[in-house]
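**Q** Listed below, chain by chain, are the residues.
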Amino acid sequence: SQKIEQNSEALNIQEGKTATLTCNYTNYSPAYLQWYRQDPGRGPVFLLLIRENEKEKRKERLKVTFDTTLKQSLFHITASQPADSATYLCARKAAGNKLTFGGGTRVLVKP
Amino acid sequence: AAGVIQSPRHLIKEKRETATLKCYPIPRHDTVYWYQQGPGQDPQFLISFYEKMQSDKGSIPDRFSAQQFSDYHSELNMSSLELGDSALYFCASSQRGSGDTEAFFGQGTRLTVV
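Chain order of the listed sequences is A and B.
All residue numbers for the first sequence refer to our numbering, where the first residue is 945 and numbers rise by one.
All residue numbers for the second sequence refer to our numbering, where the first residue is 300 and numbers rise by one.
Keep in mind that the hints were calculated from the coordinates and are not lab data.
In this text the structure is predicted, and so the values were computed from the model without any measurement.
Cβ coordinates follow ideal geometry from the N, Cα and C atoms, glycine included.
Keep in mind that a hint or two might mislead.
Here chain A is said to cover these stretches of chain B; the calculated rule only asks that three of the stretch's residues, wherever they fall, bring their Cβ under 8 Å from a Cβ of chain A [stated by the list, open to error]:
#1 314–327
#2 363–374
#3 378–391
Derived list of chain A stretches under chain B, where covered just means 3 residues or more per stretch with a C-beta under 8 Å from a C-beta of chain B [stated by the list, open to error]:
#4 955–965
#5 1015–1021
#6 1043–1054
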């Protein structure tokens, strides 16, 4: 079945370092992937969208890449700060406008 | 800017009772989604509507139903509540457009079934 998956293990990182999260997809070729941030008890917030013909997308300290050969998208947080601590979700929109998530990876940035 | 509004924010119900969750999408958004999120899980897609018609269905129990009204607000009706229905329920809205538009989520309704 078509699905996207993220590493479920939490990522602990020191402030100032770069956090790198992975989103892998199987059994389909997405035209684009979306990345969201979710804080505990709150709704996901859209961060970035990357299309299959885009190698890289940036927004402030965030960078997303899309590798159709490896069938994955990487999400980078550079110069990480404690305020970046949250769960990050990759998402795909399937036929019928159904937005599904990849499980999420929790990031904890330590001062 | 107006965001997605959900009500109520918190709801406590007893087993076998009924609950109704409401969602008011961002003005001019034509698509509404409903999600259920249990502790430690990512949001699970329940159902979506496009221009007031159901457009897709996920893992929504038969005890649940939803509809979108003429003013575009949506309601999720949950009957015969079970303890396992306790979760955060999110509504999101988007403009369908070419398909690659982002979704805007509400603050959620925390349902506790006791």
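**Q** If a hint holds in the structure, say so; if it does not, say that too.
**A** These are the hints, each one checked on the structure:
1. 314–327: Contact hint for the segment 314–327 of chain B vs chain A: violated, 0 residues under 8 Å.
2. 363–374: violated (count 0)
3. 378–391: holds (count 3)
4. 955–965: violated (count 0)
5. 1015–1021: violated (count 0)
6. 1043–1054: The restraint on the segment 1043–1054 of chain A holds, since 6 of its residues have a Cβ under 8 Å from chain B and three suffice.
Going down the numbered hints, you'll see the structure goes against 1, 2, 4 and 5, while the others check out.
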